[in-house]
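> Below are the chains, spelled out letter by letter.
2 protein chains.
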Amino acid sequence: MNWDQCFAQRTALMRRSAIRELMKATAREDVISFAGGLPAAELFPIPRVKSALMAVLDEFNGQALQYSATEGLPELRDWLARRYSNRGIRVQRENVLITTGGQQALDLIGRILLDSGDRVIVENPTYLALLSAWRPTGAEFLPVGCDADGMRVEELESLARHKPKVIYCVPNFQNPQGTTLSLARRKQLVELAQEQSVAIVEDDPYGELRYSGEALPNIADYFNQVIHVGTFSKVLMPGLRVGWVIAPEAVIEKLTQAKQSADLHTSTLNQHLALELAGKGFLETFLPVLRENYGERRNAMLNALAKYFPKSATWTRPEGGMFLLVTLPRHINTSELLPAALEQGVAYVPGEEFHLNGEGKNTLRLSFANARRERIETGIKTLSRLMASHV
Amino acid sequence: MNWDQCFAQRTALMRRSAIRELMKATAREDVISFAGGLPAAELFPIPRVKSALMAVLDEFNGQALQYSATEGLPELRDWLARRYSNRGIRVQRENVLITTGGQQALDLIGRILLDSGDRVIVENPTYLALLSAWRPTGAEFLPVGCDADGMRVEELESLARHKPKVIYCVPNFQNPQGTTLSLARRKQLVELAQEQSVAIVEDDPYGELRYSGEALPNIADYFNQVIHVGTFSKVLMPGLRVGWVIAPEAVIEKLTQAKQSADLHTSTLNQHLALELAGKGFLETFLPVLRENYGERRNAMLNALAKYFPKSATWTRPEGGMFLLVTLPRHINTSELLPAALEQGVAYVPGEEFHLNGEGKNTLRLSFANARRERIETGIKTLSRLMASHV
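For the record, the sequence lines run as chains A and B. Each residue of the first sequence is one higher than the one before, starting from 1 at the first, in our numbering. Each residue of the second sequence is one higher than the one before, starting from 392 at the first, in our numbering.
Bear in mind the hints are in silico, worked out from the structure with no lab data behind them. Every value quoted in this text rests on a predicted model; they were computed, and no experiment measured them. Mixed in with the good hints, there may be bad ones.
Stated by the list, open to error - With a straight-line Cα cutoff of 30 Å, these simulated BS3-like cross-link-like pairs (lysine-lysine) come out:
1) B/LYS441 <-> A/LYS50
2) B/LYS772 <-> B/LYS752
3) A/LYS50 <-> B/LYS752
4) A/LYS24 <-> A/LYS165
5) A/LYS280 <-> B/LYS671
6) A/LYS24 <-> B/LYS671
7) B/LYS752 <-> A/LYS280
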């Protein structure tokens, strides 16, 4: 049996995520990791999680551990529907699908929307795991450049001739840049998508994590035919693997069919736990804690960058989320620098990973959420010395 | 935006599972449900689950709720590797992938193995959710008949001319028939698969649930190039969504790539909980409880069938698992009878759902695991009256 001759053609389009592999190397306590997009586990409210689990098991007994509906727990869907409803839009239970993390939402969306050769517009750079999830469908990516206000939406007009099917967008505190799509561009994006009959997939894992500036409306608020993806991973705990899709009913119906085959349903226990934590007020007390801590860490990183990094470097100034992107002079290759950085006890993700068209070799993504303040200064200082020796 | 014009071609091959839809209709307390393959939730050890969760959170704190490796927790992979190793085969951590239930294992296997037009040999009838998971790849199913000893393996020789790529098989207490592949046929299956260079996918959710007869070796014990799928759903609790694949390393590598895109990793908390329950001896005390209870329920159903069902009906006599299949005279259509059965408070799954080639319209699948003994007799009596009025 020669397995290599057995694999399906689409496997040629699959690869391991460089980041997830890198995370394994940086699990050592002595490494200051700016690499993975990990929340700060020391902030997780263990006593509250314990009491929530006890409450769930007391209330639902064996049913909390039984099979449950593919669409998700009705009460959790209702809670999300209320949370997304506002003066502009009314979201109902039928518009909500619970998924096994936001990643499964993206995977399922790719499965129901994309045929081989379909064109997908993405920010460049964009979320790496979106590319790996959708690439095996045979879809092609059309990159659009970004600046401090997010995707340069005006470029979409010239891409219309390629007849794109989907626009994928992380409007708030984008991964890897940390930038936010401006209000004017959100409106323009919706208009262009409507004109061209292109679906928008709005991926919003970080929207609740804003540390400065004013909250902007979701794209889904303007345009009720957006597929919106959310998750508890960044606002509660990623180990639960509970995310969701908010979308028109026809889309939810197809996604539900795809999810039945993918994993039957998302863990019953974890959905109950998420609802117990989110639905009974805990989330509203926990979000300010996250915002305060991550906001301080962001400030610490911005200050350390200003203090230590070479003048030839530039970086984004995120108003929220977990990441910022540093751009170094053209001749510096951050992938080549990484082994030396790891050796000196600091990890980052080379920005090349997130870019299409071979761009971004001189960029690096830094996560400020997972390292304590004092370690942020130390880590940035170490990196700056390394950079300086190559500038 | 017309969503119906937007969906990918593969969505035409997707559909909702009739069983999962039926389960919603049978969630009413007053319905005696022989329909879904649900474990008996009243047997779930809630106090033990609570103490296990506390132990996990005390030991691992925030890390129990953090992102974790796509392959699964190393300790859980090691535990499974030891469990599957025996004199015949040595399974190592690298041969184990943790999945979000057995269903995700099947989905991922389809993604890495099947191109459009590939042929897959399946028992007829077979597991419904396997068909829905693999159909969207464009694979074609070649059905093989079954008898009391499982798949008629001798038929495989005549199918060789179709150059099948994969044989999918549930050797122990098959769903929906409850039959077990005999030892002689296991050996013959392995020989034929080796000769023809066909991969075997051995799906074994029920193997530990044997109530009579002697345990048979796994197919994977004979042939180290089998992809073996297992799950905690039937031996612990399905709401955890923790399953696994045991396979050669080359296969695990591809499956890991596919899983990264599918949902990053399986819930960290649930993997810890499964390991805490399974790895510290609880499983060995819980399995006898399940075997005793389900065994009694199986006996109750077989007795009630013998006592009440028309002489023209036949049924399988499973040595384990959760299901048996009843065959009625040709002219009876069990799909047409279902509404009347539900009206009288009894649910089953029409056997047609599991069959290829339009067969099995006169069959029904009965699950004996989820109803208490006294309700089993009542339910079978009700069904028999309904059958009698149509025989």
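> CA of A/LYS280 to CA of B/LYS671, is that 30 Å or under?
violated, 34 Å
> Does the alpha-carbon distance linking B/LYS752 and A/LYS280 stay inside the 30 Å limit?
violated, 49 Å
> Between the alpha carbons of B/LYS772 and B/LYS752, is the straight-line distance 30 Å or under?
holds, 21 Å
> Under the criterion that the straight-line Cα-Cα distance not exceed 30 Å, is the pair B/LYS441, A/LYS50 satisfied?
holds, 9 Å
> Under the criterion that the straight-line Cα-Cα distance not exceed 30 Å, is the pair A/LYS24, B/LYS671 satisfied?
This hinted pair holds, its Cα atoms lying about 27 Å apart.
> For A/LYS24 and A/LYS165, compute the direct alpha-carbon distance and say whether it is at most 30 Å.
Not satisfied, since the Cα-Cα distance of roughly 36 Å exceeds 30 Å.
> Holds or violated: are the alpha carbons of A/LYS50 and B/LYS752 at most 30 Å from each other?
Not satisfied, since the Cα-Cα distance of roughly 49 Å exceeds 30 Å.
Violated hints for the displayed structure, listed by number in ascending order: 3, 4, 5, 7.
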